[in-house]
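Protein chains: 4
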Amino acid sequence: MGVAFIGLGHMGLPMARNLAKAGHAVTGFDIVPALVERAAQAGIAPAPSIAACVSGAEWVVTMLPSSPHVRAAWAGPGGVLEHAPAGARFIDSSTIDPMAAREVAALAAARGHAMIDAPVSGGTAGAEAATLTFMVGGDAADFEAARALLASMGKNLVHCGAAGNGQVAKICNNLMLAIGMIATSEGMALATRLGMDPKVFAGIVNTSSGRCWSSDTYNPWPGVLDSAPASRGYTGGFGTDLMLKDLGLAADAARAAKVPILAGSLAQQLYQRHSSAGHGALDFSSIVMQVTGTAP
Amino acid sequence: MGVAFIGLGHMGLPMARNLAKAGHAVTGFDIVPALVERAAQAGIAPAPSIAACVSGAEWVVTMLPSSPHVRAAWAGPGGVLEHAPAGARFIDSSTIDPMAAREVAALAAARGHAMIDAPVSGGTAGAEAATLTFMVGGDAADFEAARALLASMGKNLVHCGAAGNGQVAKICNNLMLAIGMIATSEGMALATRLGMDPKVFAGIVNTSSGRCWSSDTYNPWPGVLDSAPASRGYTGGFGTDLMLKDLGLAADAARAAKVPILAGSLAQQLYQRHSSAGHGALDFSSIVMQVTGTAP
Amino acid sequence: MGVAFIGLGHMGLPMARNLAKAGHAVTGFDIVPALVERAAQAGIAPAPSIAACVSGAEWVVTMLPSSPHVRAAWAGPGGVLEHAPAGARFIDSSTIDPMAAREVAALAAARGHAMIDAPVSGGTAGAEAATLTFMVGGDAADFEAARALLASMGKNLVHCGAAGNGQVAKICNNLMLAIGMIATSEGMALATRLGMDPKVFAGIVNTSSGRCWSSDTYNPWPGVLDSAPASRGYTGGFGTDLMLKDLGLAADAARAAKVPILAGSLAQQLYQRHSSAGHGALDFSSIVMQVTGTAP
Amino acid sequence: MGVAFIGLGHMGLPMARNLAKAGHAVTGFDIVPALVERAAQAGIAPAPSIAACVSGAEWVVTMLPSSPHVRAAWAGPGGVLEHAPAGARFIDSSTIDPMAAREVAALAAARGHAMIDAPVSGGTAGAEAATLTFMVGGDAADFEAARALLASMGKNLVHCGAAGNGQVAKICNNLMLAIGMIATSEGMALATRLGMDPKVFAGIVNTSSGRCWSSDTYNPWPGVLDSAPASRGYTGGFGTDLMLKDLGLAADAARAAKVPILAGSLAQQLYQRHSSAGHGALDFSSIVMQVTGTAP
Numbered sequence: 000m001g002v003a004f005i006g007l008g009h010m011g012l013p014m015a016r017n018l019a020k021a022g023h024a025v026t027g028f029d030i031v032p033a034l035v036e037r038a039a040q041a042g043i044a045p046a047p048s049i050a051a052c053v054s055g056a057e058w059v060v061t062m063l064p065s066s067p068h069v070r071a072a073w074a075g076p077g078g079v080l081e082h083a084p085a086g087a088r089f090i091d092s093s094t095i096d097p098m099a100a101r102e103v104a105a106l107a108a109a110r111g112h113a114m115i116d117a118p119v120s121g122g123t124a125g126a127e128a129a130t131l132t133f134m135v136g137g138d139a140a141d142f143e144a145a146r147a148l149l150a151s152m153g154k155n156l157v158h159c160g161a162a163g164n165g166q167v168a169k170i171c172n173n174l175m176l177a178i179g180m181i182a183t184s185e186g187m188a189l190a191t192r193l194g195m196d197p198k199v200f201a202g203i204v205n206t207s208s209g210r211c212w213s214s215d216t217y218n219p220w221p222g223v224l225d226s227a228p229a230s231r232g233y234t235g236g237f238g239t240d241l242m243l244k245d246l247g248l249a250a251d252a253a254r255a256a257k258v259p260i261l262a263g264s265l266a267q268q269l270y271q272r273h274s275s276a277g278h279g280a281l282d283f284s285s286i287v288m289q290v291t292g293t294a295p
Numbered sequence: 000m001g002v003a004f005i006g007l008g009h010m011g012l013p014m015a016r017n018l019a020k021a022g023h024a025v026t027g028f029d030i031v032p033a034l035v036e037r038a039a040q041a042g043i044a045p046a047p048s049i050a051a052c053v054s055g056a057e058w059v060v061t062m063l064p065s066s067p068h069v070r071a072a073w074a075g076p077g078g079v080l081e082h083a084p085a086g087a088r089f090i091d092s093s094t095i096d097p098m099a100a101r102e103v104a105a106l107a108a109a110r111g112h113a114m115i116d117a118p119v120s121g122g123t124a125g126a127e128a129a130t131l132t133f134m135v136g137g138d139a140a141d142f143e144a145a146r147a148l149l150a151s152m153g154k155n156l157v158h159c160g161a162a163g164n165g166q167v168a169k170i171c172n173n174l175m176l177a178i179g180m181i182a183t184s185e186g187m188a189l190a191t192r193l194g195m196d197p198k199v200f201a202g203i204v205n206t207s208s209g210r211c212w213s214s215d216t217y218n219p220w221p222g223v224l225d226s227a228p229a230s231r232g233y234t235g236g237f238g239t240d241l242m243l244k245d246l247g248l249a250a251d252a253a254r255a256a257k258v259p260i261l262a263g264s265l266a267q268q269l270y271q272r273h274s275s276a277g278h279g280a281l282d283f284s285s286i287v288m289q290v291t292g293t294a295p
Numbered sequence: 000m001g002v003a004f005i006g007l008g009h010m011g012l013p014m015a016r017n018l019a020k021a022g023h024a025v026t027g028f029d030i031v032p033a034l035v036e037r038a039a040q041a042g043i044a045p046a047p048s049i050a051a052c053v054s055g056a057e058w059v060v061t062m063l064p065s066s067p068h069v070r071a072a073w074a075g076p077g078g079v080l081e082h083a084p085a086g087a088r089f090i091d092s093s094t095i096d097p098m099a100a101r102e103v104a105a106l107a108a109a110r111g112h113a114m115i116d117a118p119v120s121g122g123t124a125g126a127e128a129a130t131l132t133f134m135v136g137g138d139a140a141d142f143e144a145a146r147a148l149l150a151s152m153g154k155n156l157v158h159c160g161a162a163g164n165g166q167v168a169k170i171c172n173n174l175m176l177a178i179g180m181i182a183t184s185e186g187m188a189l190a191t192r193l194g195m196d197p198k199v200f201a202g203i204v205n206t207s208s209g210r211c212w213s214s215d216t217y218n219p220w221p222g223v224l225d226s227a228p229a230s231r232g233y234t235g236g237f238g239t240d241l242m243l244k245d246l247g248l249a250a251d252a253a254r255a256a257k258v259p260i261l262a263g264s265l266a267q268q269l270y271q272r273h274s275s276a277g278h279g280a281l282d283f284s285s286i287v288m289q290v291t292g293t294a295p
Numbered sequence: 000m001g002v003a004f005i006g007l008g009h010m011g012l013p014m015a016r017n018l019a020k021a022g023h024a025v026t027g028f029d030i031v032p033a034l035v036e037r038a039a040q041a042g043i044a045p046a047p048s049i050a051a052c053v054s055g056a057e058w059v060v061t062m063l064p065s066s067p068h069v070r071a072a073w074a075g076p077g078g079v080l081e082h083a084p085a086g087a088r089f090i091d092s093s094t095i096d097p098m099a100a101r102e103v104a105a106l107a108a109a110r111g112h113a114m115i116d117a118p119v120s121g122g123t124a125g126a127e128a129a130t131l132t133f134m135v136g137g138d139a140a141d142f143e144a145a146r147a148l149l150a151s152m153g154k155n156l157v158h159c160g161a162a163g164n165g166q167v168a169k170i171c172n173n174l175m176l177a178i179g180m181i182a183t184s185e186g187m188a189l190a191t192r193l194g195m196d197p198k199v200f201a202g203i204v205n206t207s208s209g210r211c212w213s214s215d216t217y218n219p220w221p222g223v224l225d226s227a228p229a230s231r232g233y234t235g236g237f238g239t240d241l242m243l244k245d246l247g248l249a250a251d252a253a254r255a256a257k258v259p260i261l262a263g264s265l266a267q268q269l270y271q272r273h274s275s276a277g278h279g280a281l282d283f284s285s286i287v288m289q290v291t292g293t294a295p
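Chains as they are written, first to last, in numbering that gives the first Met the number 0: chain A, 0 to 295; chain B, 0 to 295; chain C, 0 to 295; chain D, 0 to 295.
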């Protein structure tokens with residue numbers, strides 16, 4: 000199928016490449032011309048504008064950094080909604096606030112286009128390996144229609160309900176993750192400082208009620224899990240600044256929804272402190288340094 | 000074997016009873032005479048004093064509410080250390096601060112007694128059913144020596160390292176649990192308020208990185224898990240005031256160890272607020288009410 | 000002088016009226032026609048549009064609820080910048096984020112207009128009585144030029160530096176105020192619960208290092224200060240929802256400036272909790288109820 | 000008058016010396032013999048034990064580091080209560096928890112001794128210069144009886160109500176102070192990072208509702224107040240570790256009184272973090288470094 004892919008950065012490029020590998024005719028656009036050129040070398044047909052990119056497309060996929068970019072690309076002058084062919088189906092894989100996602104979806108619907116929001120988790124490694132998780136908001140039928148396309152780029156496809164719910168699921172999951180990582184950091188630091196072996200303590204917690212993904216799969220204490228970023232200097236993984244971005248979206252959504260999130264808000268400020276101290280590029284599990292004072 | 004059991008309250012009585020059922024000769028004492036009488040009806044030989052209780056015992060087990068009680072029972076005038084027969088082995092199953100546990104263990108060792116700290120999780124239901132988890136601090140050989148006795152009262156026996164480490168494991172696990180429950184509450188409340196079905200959201204989180212024991216086994220949102228206290232009005236389970244007690248121990252230990260626990264401390268204050276609002280007897284997962292304003 | 004006044008709500012109307020009382024020819028506009036009519040009855044010449052309102056004006060003053068309103072009124076189609084006569088001077092008294100204020104001021108400057116941001120404190124009572132405090136950002140000369148006009152509406156005129164600094168001063172002051180009120184609430188609640196007379200405790204604090212505006216001028220404990228909202232059921236004063244709005248601006252500014260504000264963020268969530276519990280219209284000092292559980 | 004002074008450390012020695020200077024016959028004791036010797040060189044008659052120290056005393060004053068020391072010195076074996084002459088009056092100037100102060104006062108009363116708790120603020124400089132503030136709990140008559148003696152050591156004598164209330168006043172004041180200093184740090188950091196001159200911002204706040212002792216008398220930003228520790232590298236003043244001790248007392252008291260102190264608890268953890276990072280000896284206003292990441 001003809002797929003227009005807009006946003007060819009660290010995530011977008013490998014996603015577009017996986018679509019091309021799966022046999023789709025992918026045309027790409029980015030406001031940064033160098034990214035379009037790089038994509039061209041990877042077999043993505045270059046387009047000089049959104050209009051050119053979506054011309055003749057059956058699917059339009061976007062992967063953009065924030066709500067203003069998404070609004071501009073879809074609803075701005077010269078955007079997708081102005082130029083997409085009748086009947087084209089839309090997927091936005093950007094992580095943005097749910098309200099913005101719903102607005103854009105409503106605009107698309109008003110013009111007769113089916114649109115789903117489909118933010119991902121799995122990072123650049125997941126994008127390269129086509130093992131992303133897609134959290135999808137939109138009509139069940141539209142989710143089904145997109146299944147094959149998404150399956151070319153990811154492994155887990157989860158339908159989360161109506162438009163915007165893909166965003167809701169992602170930011171609420173990451174809110175819990177951000178707090179859970181701090182909980183694990185405090186627990187590990189305290190147990191260790193009180194004389195326990197970190198591996199022994201993690202082993203006990205992981206079969207008990209303190210267990211969480213941050214303790215059993217992604218432990219922030221160096222040496223507890225060989226596969227975790229903590230055991231390789233907090234490189235790779237999911238960067239502190241990306242977590243900070245998602246916590247910002249959660250805070251905005253909570254403000255709009257009038258839900259007090261005391262722990263989430265504390266987490267947001269601690270990741271901010273960590274980023275401001277120069278650790279924004281480290282994996283987010285390095286937040287344990289904010290408890291111990293240094294890398295433990 | 001001859002077992003002296005000191006502390007015959009909600010937890011101690013069923014534990015002593017399970018020892019008796021397993022064929023041990025259990026003598027019991029409590030500073031509240033009525034509890035000794037009740038125990039006597041359950042087949043525990045009543046003793047009028049610690050001295051009488053431990054006379055001739057091969058094992059002494061205590062299950063007491065706090066550090067001062069533990070210090071008094073073991074090291075106070077008329078206490079176990081004064082009266083226990085040479086060679087008797089000691090188990091303290093109270094949840095107290097690790098430093099106090101280590102002090103008492105050192106005093107016992109100085110008199111030639113092997114002692115382990117063995118706090119439990121599992122609540123009164125686990126005590127009744129002999130399915131408690133014991134987190135044990137002390138020498139590996141002493142842990143092994145106690146294995147059969149502990150197995151009469153519980154199911155999971157975990158050796159956590161040297162003296163006091165049973166306490167460390169318990170309070171650090173519960174610190175993580177307390178925060179994780181708040182994280183889950185905020186995530187569930189925000190996702191639901193933003194329009195997601197709570198069961199659908201929980202399902203997604205539980206296969207993703209926001210997963211924790213509080214989300215997949217003990218979810219605080221009514222109706223998500225039929226087996227959780229949330230689905231029966233937050234009755235039963237692990238009371239808010241018990242969690243608050245353990246958070247107090249964690250806070251004390253963190254202060255002594257000079258570890259800043261920002262999230263743990265926030266959790267402590269929120270459970271305090273919840274208790275002060277009159278909900279101390281509800282299961283601790285009712286902390287979700289502090290996020291939603293009411294039972295959701 | 001001819002003054003165009005845009006935004007005739009609870010604050011704008013009395014401010015415009017005070018300008019008229021001082022002898023200025025005031026023309027008013029609001030997107031809500033009923034507010035224009037009400038203003039007309041108070042001697043403000045009604046205008047049907049921004050274009051009509053600013054036609055011939057020497058000064059344009061805006062008093063609007065948020066950044067999007069301010070951007071639209073000034074820089075949107077049919078806005079002030081399109082229609083204001085050459086040489087007209089601009090004052091924005093809305094409380095908005097400093098970055099937005101700087102953007103609008105730069106657009107005004109690009110068209111040759113002097114503009115100051117001049118958010119106020121003092122509430123509707125101060126607006127009625129012409130006793131507002133104006134915190135002004137912009138060139139010193141432009142501040143001096145506006146002095147007479149501002150003095151018709153307020154009592155304290157403070158120059159805070161370059162464009163946007165009026166907003167910075169206001170939101171940072173209110174950030175400190177919001178936290179200080181919670182500090183005072185916790186101190187008063189704890190001292191009282193520990194057995195001190197609240198007036199005696201307040202008297203000691205107010206001559207000691209715990210002293211702050213919230214303790215000595217606006218004490219949240221009923222009966223300590225007869226003049227404070229706490230002594231009249233938290234009516235009047237500065238509403239919780241207004242404080243919440245300013246904390247939102249502070250949080251946004253802190254995020255943009257990459258400054259971690261742990262206490263400010265906790266305050267924001269507590270005021271959110273208070274508002275969500277139904278107390279948004281009460282004076283913000285009623286936040287003490289979040290410490291005591293009820294009105295003390 | 001004959002005064003027994005127990006506890007001759009950094010605070011106790013200059014206090015005892017000021018009593019001697021005022022013409023009292025002061026006998027001193029400390030469990031550290033070297034401190035007794037040093038005091039002897041300053042004109043304090045050395046005593047080898049509490050018994051010897053209080054023998055014949057009309058007044059007994061203690062200045063000790065914590066509750067266990069206070070309990071031991073007064074109520075322990077060989078303590079003041081065992082040995083003080085009938086009719087001797089008691090003053091405890093240690094900063095301890097109010098409950099402990101009340102217990103000791105009750106024990107003294109049971110033996111017929113009038114006792115007041117009289118913790119101080121003003122630090123070692125105030126102790127040297129006899130300018131301390133005394134916050135006094137106890138009967139009004141006992142406060143009056145002690146007035147002359149206290150006036151030899153301090154300048155402000157404040158009666159706070161019944162026994163223990165001196166402690167309550169001190170720790171609740173310092174709780175408010177600790178939070179207020181963080182509020183000021185966040186406000187100063189944010190305003191400065193957003194482009195304001197720190198002195199200009201402080202000037203505005205100090206005439207507005209964000210004003211507090213930390214902003215107008217002890218500003219944490221270097222250069223704002225020449226007299227503040229911030230302008231001399233955070234040396235001198237009131238050390239972070241002393242503030243941390245008082246926050247610990249406040250946390251304990253809040254736990255006992257079942258008052259949730261969310262902001263106080265956050266403050267406690269931030270000062271802990273600051274101390275653990277190696278800044279425990281700096282003035283507590285250096286907490287601003289926890290906001291800015293470094294000394295600003």
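What the hints contain is simulated information worked out from the structure, not anything from laboratory work.
It is possible that some hints are incorrect.
[What the hints assert, rightly or not] With a straight-line Cα cutoff of 25 Å, these simulated DMTMM-like cross-link-like pairs (lysine to aspartate or glutamate) come out:
hint : chain 1 : residue 1 : chain 2 : residue 2
1    : D       : Lys257    : B       : Asp240
2    : A       : Lys20     : A       : Glu102
3    : B       : Lys154    : A       : Asp196
4    : C       : Lys198    : D       : Asp215
5    : C       : Lys154    : C       : Asp196
6    : C       : Lys154    : C       : Asp225
7    : C       : Lys244    : C       : Glu57
8    : D       : Lys198    : C       : Glu143
9    : C       : Lys244    : A       : Glu143
10   : A       : Lys198    : B       : Asp251
11   : C       : Lys198    : D       : Asp240
12   : D       : Lys244    : B       : Asp138
13   : D       : Lys244    : B       : Asp196
14   : B       : Lys257    : A       : Asp196
15   : D       : Lys257    : B       : Glu102
16   : C       : Lys244    : C       : Glu127
17   : D       : Lys198    : C       : Asp215
18   : A       : Lys257    : C       : Asp240
Going down the list of hints, with the structure as the test:
1. Distance check on the hinted pair: lysine 257 of chain D and aspartate 240 of chain B sit about 11 Å apart at the alpha-carbon level, within 25 Å; holds.
2. For the proposed pair lysine 20 of chain A and glutamate 102 of chain A, the alpha carbon gap of about 32 Å is over 25 Å, so the pair is violated.
3. Between lysine 154 of chain B and aspartate 196 of chain A, the direct Cα distance comes to roughly 23 Å. Compliance with the 25 Å bound is thereby established for this hinted pair.
4. Under the criterion of a C-alpha separation no larger than 25 Å, the hint pairing lysine 198 of chain C with aspartate 215 of chain D is consistent with the structure, at around 23 Å.
5. This hinted pair does not check out: lysine 154 of chain C and aspartate 196 of chain C have alpha carbons roughly 36 Å apart, beyond 25 Å.
6. Taking the CA atoms of lysine 154 of chain C and aspartate 225 of chain C, the gap is near 24 Å; set against the 25 Å cutoff, the hint holds.
7. Proposed proximity of lysine 244 of chain C and glutamate 57 of chain C is contradicted: the alpha carbons are some 31 Å apart, above 25 Å.
8. With a C-alpha separation of about 21 Å, the suggested pair lysine 198 of chain D and glutamate 143 of chain C falls inside the 25 Å cut-off, and the hint holds.
9. For the proposed pair lysine 244 of chain C and glutamate 143 of chain A, the alpha carbon gap of about 42 Å is over 25 Å, so the pair is violated.
10. This hinted pair checks out: lysine 198 of chain A and aspartate 251 of chain B have alpha carbons roughly 23 Å apart, not beyond 25 Å.
11. Restraint check: the Cα-Cα separation between lysine 198 of chain C and aspartate 240 of chain D comes to about 30 Å, which exceeds 25 Å; the hinted pair is violated.
12. At most 25 Å may separate the alpha-carbon atoms for a hinted pair to count; lysine 244 of chain D and aspartate 138 of chain B exceed this at roughly 35 Å.
13. For the suggested pair lysine 244 of chain D and aspartate 196 of chain B, the alpha carbons sit about 47 Å apart, so the restraint of at most 25 Å is broken.
14. The hinted pair formed by lysine 257 of chain B and aspartate 196 of chain A meets the criterion: a straight-line CA distance of about 18 Å does not exceed 25 Å.
15. Of the pairs offered as hints, the one joining lysine 257 of chain D and glutamate 102 of chain B is violated, with about 29 Å between alpha carbons and a cut-off of 25 Å exceeded.
16. The hinted pair formed by lysine 244 of chain C and glutamate 127 of chain C meets the criterion: a straight-line CA distance of about 22 Å does not exceed 25 Å.
17. Proposed proximity of lysine 198 of chain D and aspartate 215 of chain C is supported: the alpha carbons are some 23 Å apart, at most 25 Å.
18. Taking the CA atoms of lysine 257 of chain A and aspartate 240 of chain C, the gap is near 11 Å; set against the 25 Å cutoff, the hint holds.
Of the numbered hints stated above, those contradicted by the structure are hints 2, 5, 7, 9, 11, 12, 13 and 15, listed in ascending order.
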